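Construct all of the structure, not just a fragment, from the sequences and the given hints.
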Amino acid sequence: MNALVHLPLVLPPVVTGWLLLILFGIRGPIGSLLLAWFGVRLVFTTAGASLACAVMTFPVMVRSIRLSLESADPGLEQAARTLGAGRLDRLFNITLPLASPGILVGGIVGYATCLGEFGAVITFAANIPGQTQTLPLAIYAALQVPGGEAKAAELSLVSLTLALIGLLLSEWISKRLNAALGR
Amino acid sequence: MSLSVRLRHDFPTVRMDMAFEVPSPGVTVLFGPSGAGKSTLILAAAGLLRPHVCRIEIDGQTMVDTQTGLWLPPEKRRAGLVFQDAKLFPHMSVATNLRFGMLRAPPGTVKFDDVVSLLGIGALLDRRPNTLSGGERQRVAIGRALLAQPRLLLMDEPLASLDSARKSEIMPYLTRLKTALRLPILYVTHDLDEVTRLADSMVLIEAGRVVGFGPLAEVAARADLPLARRDDAAALLHCRVGNHDPGRELTRLDAGGSAFLVPLLDAPIGSECRIRVPAREVILAGRAPEAISLHNVIPGTVRRIAADATRRAVMVEIALPDGALLARVTPDAISRLGLAPGGPVLSLIKSTSIEVIGG
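Which chain is which? The protein sequence lines are A and B, in order.
Numbering that gives the first Met the number 0 numbers the first residue of the first sequence as 0 and each following residue consecutively.
Numbering that gives the first Met the number 0 numbers the first residue of the second sequence as 0 and each following residue consecutively.
Please keep in mind that the hints were generated in silico from the structure rather than gathered at the bench.
Some hints could be false.
Here are some chain B residues the structure puts well away from chain A; computed CB gaps all over 12 Å [what the hints assert, rightly or not]:
| id | residue |
| --- | --- |
| 1 | P24 |
| 2 | G34 |
| 3 | L47 |
| 4 | P149 |
| 5 | D244 |
| 6 | S257 |
| 7 | N295 |
| 8 | L336 |
| 9 | K349 |
What follows is a set of in silico ranges between Cβ atoms, one per label pair, in the way DEER data are often shown [to be verified]:
| id | chain 1 | residue 1 | chain 2 | residue 2 | range |
| --- | --- | --- | --- | --- | --- |
| 10 | B | A122 | A | I164 | 38 to 44 Å |
| 11 | A | T160 | B | T130 | 35 to 41 Å |
| 12 | B | R98 | A | A162 | 54 to 60 Å |
Note that the structure is predicted; figures quoted are calculated from it, not measured.
Each residue gets a CB set at the ideal place from its N, CA and C atoms; glycine is no exception.
What follows is the structure, encoded as structure tokens:
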């Protein structure tokens, strides 16, 4: 399970996209069922692009969340137990609040990474402007057209800004939350 | 009323097999070297570790008994646990920490305001745990455990992480707590000073076994127990301030059925205290010496003579009318005085060698 979650991190994105295509394509084992039962088609759609992004950024989020869960002091959970807190009680009042910086930062970094997804999206959901075109795909498309450098530069600037905002935001949030948690 | 504990647990390399019974409201100190099994016992009593066999009975009520399948998880057991490092929840204020267990326990006799004033933490209620000193944190942790209305309070070396100044800051609160609470308390420590100040009963644990248990004064005065092999081995006696003699600057303490003179104390007549008489400070004599600076010549009976091979010395246990003294002397002294169990002996103790411990 652990290996499966982390696979997209090490696998070339194109391979991940292709595997998604095999699984979720309209003739694939999962894709055909989705189409037959719900009439949902993922290939070459916005939903498909989202799925590809999700699969690609999942390991990044899992890492961040797991790190913050593992760094929590197990003694605090034990203390909560001896004070009469049951499993769910401890999860919501001790574990999750203490892991909240990691969870939020994981979400933000995951989102920022998502915006830059390229290989898996182009393989699984293609490069359809307004539907499945991510920022890097748009930049790549602009560079293919003669005289598209200006547009590519504009888009790159947008990409840079978004990445910076994401990183700064995650830094700021984790600082604020950690201060609130008394660290 | 009593607290009785029986526990057996096989670790891969060592077997813990312990059983003891001590009076119930009161502080029972678990004393012994690291790895002896004190923490195992605390964890089992809290329910955080499930031993192969465990039975705990408080005042005739069975709390857990693995043999009948009665095993409560920690959250249902109401055994308060104070850890070595306070383990306060960092994302909550002191007040929220204190109320954490209280909100999850049935209403009981321990009241919020009482605990806050008993522990002197009223000024800290709005603070965050990370802004507190080590001693303050530990006081809050004790309060939090008490407010969960425990049936049994477990303290696992609560002062071990504090420096001596913080220790002496928190000690008065612990002694107050001890008298205010009607609770059985199991208290783990390495520190003899904490033992002498707090303990009512004592359980000596070594290599997973209980080697002796009973009232503190009795256990401390047993020449055959490991405590007597320590450099600082001493007899402990409960005493009452008899009278003051300001002219001679002396105070008489009545302890163990004998009278001890110590340098003038600043305590009211009739108040209770403890004295600690170090074994190496006690001289034995066949008859009373004359023209000597000594104040205390205490008659007693030799009860036991135990060899202490590592020191080429022997430990002599001397029975008083009500209590006992320990003396560490050489084997030669024993033969010169012709001491044998059952025979009379005089213990000579300098008044300045007697350590008086308040409360």
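Status of the hints after comparison with the structure:
no. : hint                          : result
1   : P24                           : holds (20 Å)
2   : G34                           : holds (20 Å)
3   : L47                           : violated (6 Å)
4   : P149                          : violated (9 Å)
5   : D244                          : holds (51 Å)
6   : S257                          : holds (44 Å)
7   : N295                          : holds (47 Å)
8   : L336                          : holds (54 Å)
9   : K349                          : holds (47 Å)
10  : B:A122 <-> A:I164: 38 to 44 Å : holds (43 Å)
11  : A:T160 <-> B:T130: 35 to 41 Å : holds (38 Å)
12  : B:R98 <-> A:A162: 54 to 60 Å  : violated (44 Å)
Of the numbered hints listed earlier, those contradicted by the structure are 3, 4, 12.
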